[in-house]
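**Q** Protein sequences appear in the order of chains A, B and C. Each position in the first sequence, counted from 1, maps to that position plus 1017 in our numbering. Each position in the second sequence, counted from 1, maps to that position plus 229 in our numbering. Each position in the third sequence, counted from 1, maps to that position plus 703 in our numbering.
Take these hints with a grain of salt, some might be off.
As the list claims (entries may be wrong) - Computed footprint of chain B on chain A, listed as stretches where at least three residues anywhere in the stretch have a Cβ under 8 Å from a Cβ of chain B:
hint, region
1, 1125 to 1138
2, 1198 to 1205
3, 1225 to 1233
No lab work stands behind these hints, which were simulated from the structure alone. Just so you know, even glycine gets a beta-carbon here, dropped at the ideal spot from N, CA and C.
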Amino acid sequence: MSQFKRSDGRANDELRPIKAEMHVLKNADGSAYFEMGNTKVIAAVYGPREYYPKQLALPQESMVRVRYHMIPFSVKERKSPALTRREIEISKVIKEAFGGCIKKDLFPRSTIDVYIEVLNADGSTRVASINAVSLALVDAGIFLYDLVAAVSVGKIHDQLIVDLTGDEDQNSEADMPIAMMPSLNKILLLQMDGTLTVEEFSNLMKMGIQAIKKIYEIQKETIRSSLESVLKMYGQT
Amino acid sequence: MKREIVLPSTLLETGDDLKPGLTTYKIGPNIFSGILGLYEKTDSKEINVIPLKGKYYPSIGDRVVGIVTKFQVFSWNVDINSFHEAILPFSNAIKKERQFYSDLNKLISINDVIYAEIISFDRFSPPTLSIKKKGLGKITEGYIYEITPGKIPRLIGKNQSMINMIKQMLGIRIIVGKNGRVVALTQDFNKIEILGEVIQKIENESHVPGLTDRIKNLLESKLNKTS
Amino acid sequence: MSDFKYGVFIPKIKQKLILNLLNNKKRVDNRDFIEYRKIKIKYGHIPNADGCAEVQLGNTIVIAGVKLDLTNPYPSEPDRGTLIVNAEFPPVASPDFEPGPPDENAIELARIIDRGLRKPEVVDFKKLCIVPGKKVYGLWIDIYALNHDGNLIDAAGIATMAALLTAKYTKVDVSPTGEIIKTNERLPLEVINFPVYITHVKIGEHLIIDPNLEEEMIADCKLTTIISNGNLIGGIQKSGSGALSIEDINQALENSLKIYPRIKEIITSSVK
Chain A
1018 MSQFKRSDGR ANDELRPIKA EMHVLKNADG SAYFEMGNTK VIAAVYGPRE YYPKQLALPQ
1078 ESMVRVRYHM IPFSVKERKS PALTRREIEI SKVIKEAFGG CIKKDLFPRS TIDVYIEVLN
1138 ADGSTRVASI NAVSLALVDA GIFLYDLVAA VSVGKIHDQL IVDLTGDEDQ NSEADMPIAM
1198 MPSLNKILLL QMDGTLTVEE FSNLMKMGIQ AIKKIYEIQK ETIRSSLESV LKMYGQT
Chain B
230 MKREIVLPST LLETGDDLKP GLTTYKIGPN IFSGILGLYE KTDSKEINVI PLKGKYYPSI
290 GDRVVGIVTK FQVFSWNVDI NSFHEAILPF SNAIKKERQF YSDLNKLISI NDVIYAEIIS
350 FDRFSPPTLS IKKKGLGKIT EGYIYEITPG KIPRLIGKNQ SMINMIKQML GIRIIVGKNG
410 RVVALTQDFN KIEILGEVIQ KIENESHVPG LTDRIKNLLE SKLNKTS
Chain C
704 MSDFKYGVFI PKIKQKLILN LLNNKKRVDN RDFIEYRKIK IKYGHIPNAD GCAEVQLGNT
764 IVIAGVKLDL TNPYPSEPDR GTLIVNAEFP PVASPDFEPG PPDENAIELA RIIDRGLRKP
824 EVVDFKKLCI VPGKKVYGLW IDIYALNHDG NLIDAAGIAT MAALLTAKYT KVDVSPTGEI
884 IKTNERLPLE VINFPVYITH VKIGEHLIID PNLEEEMIAD CKLTTIISNG NLIGGIQKSG
944 SGALSIEDIN QALENSLKIY PRIKEIITSS VK
C-alpha cells in the first residue's frame, strides 16, 4: 500500500470539522452560517417576495435567484469584488439545485432570492454554500421537499478522497461536487472537473453519498438544537 | 396534546385517504412535512403542520395589519408581510356615506398603518383588502410588533384566553393582525416595553408547553416592579 | 433610481413615537443620546486575510479584511506603500441593498474610512516601501456589511482598526540583483495613529449618537466626525439633505472628543 497521507492527517473518507448555525442575520428572512474546516460561508434568503418588474414574473410559480460571491479577502491572493465567470457559473448550478427542492407553485409570481458570501475559501466552497443555503431556507420558512446536503469528492495521487481542501483541489486529478436530497435519494447537483475511470466515478459516488448522509444529520441536528435550547431551559427534553 | 417538532421530509402519517395541505406533501400513501414546524395528530383528513417560521400566507376573512407602500390611480399597495403586496381599492376604503375619492388620498397615504380584512385572494393574484367594516381603518398611534405569523394563534390562545389575559393585565387595547403584526394602542412606553417582552417570549417559546403560565408570571413580575 | 424598493418601511406611527420619545429625552432602546449600542469584536477568524475583524454594533454587523500584496508605487509617491479602501453593501445585509457595484452610500463610506487612515497616516507608509520607485506593499482594506441596523460607518471604523491592529504580513527581502524574495517571516503592521469614527444624526431638534436603522432612516441628516489620536479632528462628513446649525456641529465635536477614549479602549482591549 502506498504511504499516502492527506496534509491534514485525515483519512480518505473523513470530513473536516463542521460548524453550523441558523438565524445569524436579523434582516434576512432566513440565514445560516456553515463551516467545513477553514471554508466559511454565510447564506441569506429573502423571500418569497414580489418580483419586479411584475410583468416578467413567472405566472405559475416562484422564481429562484442565487448570487454566490466571494469576499476579496476570502482567498490567498486578494480577489476583485466584481463577479467572475466562475461565480456566475456556481450561482447557476446552485440555483438549479434548489429549484428541484423548493415547492415553487405555492407562491406564483414571486421570487426567492438567495445570497451567499464566502468569508474564507479553503476548497469546496460551493458545497459548503449549498449546506448553508438549506438551513437558511428552513430559517425562512420556505417549503422544501427535503434538505439539500452536499460534499466534494475527488482523486489525488490516485487516491479517492472526500471533502477537498483548497490545496487538494488545486493538485487533484479530478474533483467532483455532489448535492442531493438524502431522504428522497435525488441528486440535484453534480459536476466533475478532471478525468476518472467509470469504476473510480462509481466509488466516488458511493463515498460521496455516505459523506452526504453524515452532513445531513449535522444539518438536522443544527435545526433541532436551535429550538431545543429553549426546551432544555424549561426541562422539557 | 403532544406536539412534535418536524422538519422538511419528516414522515407524518400514512393513509390512502389522507390529503396533503399547504405545509405537507404526499408520495404514495405517505404524507411528509415540507417545513419546520409543530405537528399534532388530529382527526382531520387534511394533514398540516403548524409553521414555526415564514411569512404570512393570506386567507380570506383574516384581519391583518398592513403598511401602505404605494399610491396607485384608484388604490393603495399595502405590505402585509406576505409574498405579494395587497391592494386596497378606494371603493373598499369608503366608510362614510358622502366620502369622495378626492378625500381619500388625504386620509390614507404612504407609510400609514391600516387594520384591514382580506376579502379576496388566490395564489395568482394579489390579496384584496377592505376597511369598510366597523373596527377597521387607519391606525393613528401606537407601537407595532412583529412575530412569526404561525405563532399568532398562540398569542391569541384558545377562545382568546391568552390575548384577553394580556389585555386585561396591561390595561391597554391591542390589535392582533393574523399576518404577524401586533399593535399596542397606547403611548405608555413602559407598557409598550412589557408587551414587547411578552411577544418576544411567545416568539421564542411557542413550541414549549406551559407557555400561558410563563407569560402570566412574566406579566406579574414586570407589573409589580413598576407599581 | 428604480421605481420600487423592497426596502424597509418606517410606518408613520413609529416615526411619531420615536420623535415623542426624543422630546422626552428617551430613545426606543432606552439609550442616552450619546450612548453607543453594545459592541462585540471578533478577529483573526479569516485565515486567508492578513488581518480581519467582525464587529457587532447592536444588530449591525460589519466585517473588515486587510490584505497586503506587492505592487507598483504611485509615480508621485515612489517611496510609500499604497492604500485602497473598498466597501460593499451586499444584499445579504438588507432588503434595501441590490446586487451590483457599490452604490453612492457604499462609496461614501469607503472614502470616509480612507480619509481617517490617510491623514494622519494610520501606518508609516514609508516603511511599506520595498524598492523605491519599483515595488511597494499595497494595503487593501475591504469592508463588507453583513447586517444593516444603522450606523454602518462607525461599525466599519471599529472593524478596520481592529483588523489593522491584528494584521500580519509576509516580509520580503531584496537580493543584491534586485530580486524580491518572500520570506517565512510574518510582521505585524505598526499602527501609529488611531482614528475613531463617530456618527451623529439630527432628528427634529435632537442630536443623537450611533443611530439604529429606524433613527437613521427618519433623520434629517447625519454627521460623521473622525477623531485622530484623541485631540485632532481627522475628518468630517455631513450627509443627508437636512441642515445643521453651528451649535449642532460644535456639540457633535464635543461629544466625539469625549467618547473617543471609550471607543478606543473597547477596540484595544478586545484585540489584546
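**Q** Hint by hint, note whether the structure agrees.
**A** Here is how each hint holds up against the structure:
1. 1125 to 1138: holds (count 3)
2. 1198 to 1205: holds (count 3)
3. 1225 to 1233: violated (count 0)
Hint compliance for this structure: hint 3 alone is broken.
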